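If you read the sequences in order, they're chains A and B. Per this note's numbering, residue 25 is the first one in the first sequence, and the count goes up by one each step. Per this note's numbering, residue 25 is the first one in the second sequence, and the count goes up by one each step.
Bear in mind the hints are in silico, worked out from the structure with no lab data behind them. Just so we're clear, the structure is a prediction, and the values are computed from it rather than from any experiment. Do not rely on the hints blindly, as some may be mistaken.
To be verified - Partial selection, computed: residues in chain A whose CB lies under 8 Å from chain B:
{"#": "1", "residue": "51"}
{"#": "2", "residue": "106"}
{"#": "3", "residue": "163"}
Here a beta-carbon is modelled for each residue, glycine too, at the ideal position from N, C-alpha and C.
Below are the chains, spelled out letter by letter.
Protein chains: 2
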Amino acid sequence: MLSFQQYLDKVNGAIAALKYPERPALLYAPIAYTMDLGGKRIRPVLTLMACEALGGNANDTLDAAVGLEMFHNFTLLHDDVMDRADMRRGKPTVHCRWNDNVAILSGDTMLTLATQLVARSGRMELIELFNRTAIEIYEGQQHDMDFESRDDVTIDEYMEMIRLKTSVLLGCACKMGALVASAREDDAETLYQMGVDLGLAFQLQDDWLDVWGDPKTFGKEIGGDIANNKKTFLLINALNRAEGENANELKRWLSTGDERRDDKVRAVTAIYERLGLKELARKEIEQYSDRALQALAHVQIGTAAREAFTTLINRLTRRDR
Amino acid sequence: MLSFQQYLDKVNGAIAALKYPERPALLYAPIAYTMDLGGKRIRPVLTLMACEALGGNANDTLDAAVGLEMFHNFTLLHDDVMDRADMRRGKPTVHCRWNDNVAILSGDTMLTLATQLVARSGRMELIELFNRTAIEIYEGQQHDMDFESRDDVTIDEYMEMIRLKTSVLLGCACKMGALVASAREDDAETLYQMGVDLGLAFQLQDDWLDVWGDPKTFGKEIGGDIANNKKTFLLINALNRAEGENANELKRWLSTGDERRDDKVRAVTAIYERLGLKELARKEIEQYSDRALQALAHVQIGTAAREAFTTLINRLTRRDR
């Protein structure tokens, strides 16, 4: 079993080694640009770790792992078009640097390249898992967009949305590694569940950090979700729980334009804190990371592998960036 | 061996039997809408015909055939966003009826659903062929968009563009059927080539019909390519061949706005005719359909199958709609 950093190096090495045709330049340059932006590479690292934890060789699943990262980056690319997002990881998004058409078509190409990378495994079960997961992720993205125009979203609906949009890909990443290691079906399934719970904790942590994260280490501006009235775990809970003056104040801020962004972020954060949401969200994050750790306890793996996953789960759900 | 109509009925039956989840409605309703628009269904019919011509059972390749039709419709859906096309088969395009985001995300979903349908065959070689073909089609679409801003496109570049954008999918459709029939490698490859040549003849015929087709049977307005200065086989040849007054007149019409559409279509058609392009294009179409027929002659199939393909090739390349 290697360290997280060593698996990350393997993943980054494989991504750097990807060769794209030179032409048409407008098709492939945005793909190279996107894959070079970096990112935490959590999904492919999970695949390599799961594979080796269950007795496989990480190199046997490197293509599929990179395929998942390619797929993840494809979803970000198309999501950025849909959300009209200008920046991603500190650089202009593809549709801003080039245009919408380039973003749509190079995204489509990344989806097929991702499928090719997964198919290189020669394993039908990986391809099926990958396609099924992709469909769930599109459903999650559609739910997320649907939420924008609704003011009656429940916490259950929100949790189901982030399960689909974010978490199943982490579950898929873990299970793929297990399948390549020819793990027992129940171990593969338990690792899938561990990945999903980790993904839920991870996304809730993302919501939390957007409000209470340290601007120095978070990597993007604090308060973006509040400024955009994004229906997060925090806002949905606030809408459900606020009464009297809190409710009125929250309602007023939700209809405020961009010109008072900083005031809005400060005021809504204060409402969240008065409603006890900082602690509630923290508890929820811990509940899901505990569930991930419990799932891990049920998988038959060695001590080194167990420690590596435990470290990763703790790091990802108590992360400050 | 069944008739074209009988294979078409099989395909339409399978498409009508596709079940989509009810929710999220904005994800799946546009997919059902797109698949219900109809179309010639040439690609899936080619797959079924190729399979039975080579001794297989069409039912064994019905899922993959429908997958190709789903893929084809996905490319049309995303192309319509990129080309800002309002109408498709007499109905509003998805991005017009809903919006761009719906078109992007439901298109992505169609691509993965298409891959799932192909993967149901359980054959790795089909998945590989499908993914390779998809990448070529994106490259063709990018070349096509690149051509819009270039005035030095050669006929060779144009033929390579339509080979990628249109023809390889017909080749892929034929080869898939052959692979499912467990045909000999050289027969599968020859049928692929037949499909590609048929696709080239088919696209050139499309260019020809846009100018000289019968408005009653063509199904869309005549002259759309001329009105949009679309770099077709005809316009590229005209730009290469026109001299003196023809060249000046053509240049003037290319910079005319929409307000003189009908005059422009009439005048550019007359220039094409003065340059002998009506006959040149006809000859080119026949050359490629002859090549398709020659390829067919090299495949070891029965008389009924040979006749069915011959009828189809003649029908598609001398079609009036």
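Cross-check of the supplied hints:
{"no.": "1", "hint": "51", "result": "holds (4 Å)"}
{"no.": "2", "hint": "106", "result": "holds (4 Å)"}
{"no.": "3", "hint": "163", "result": "holds (6 Å)"}
Against the hints set out earlier in the document, no violation occurs for any number.
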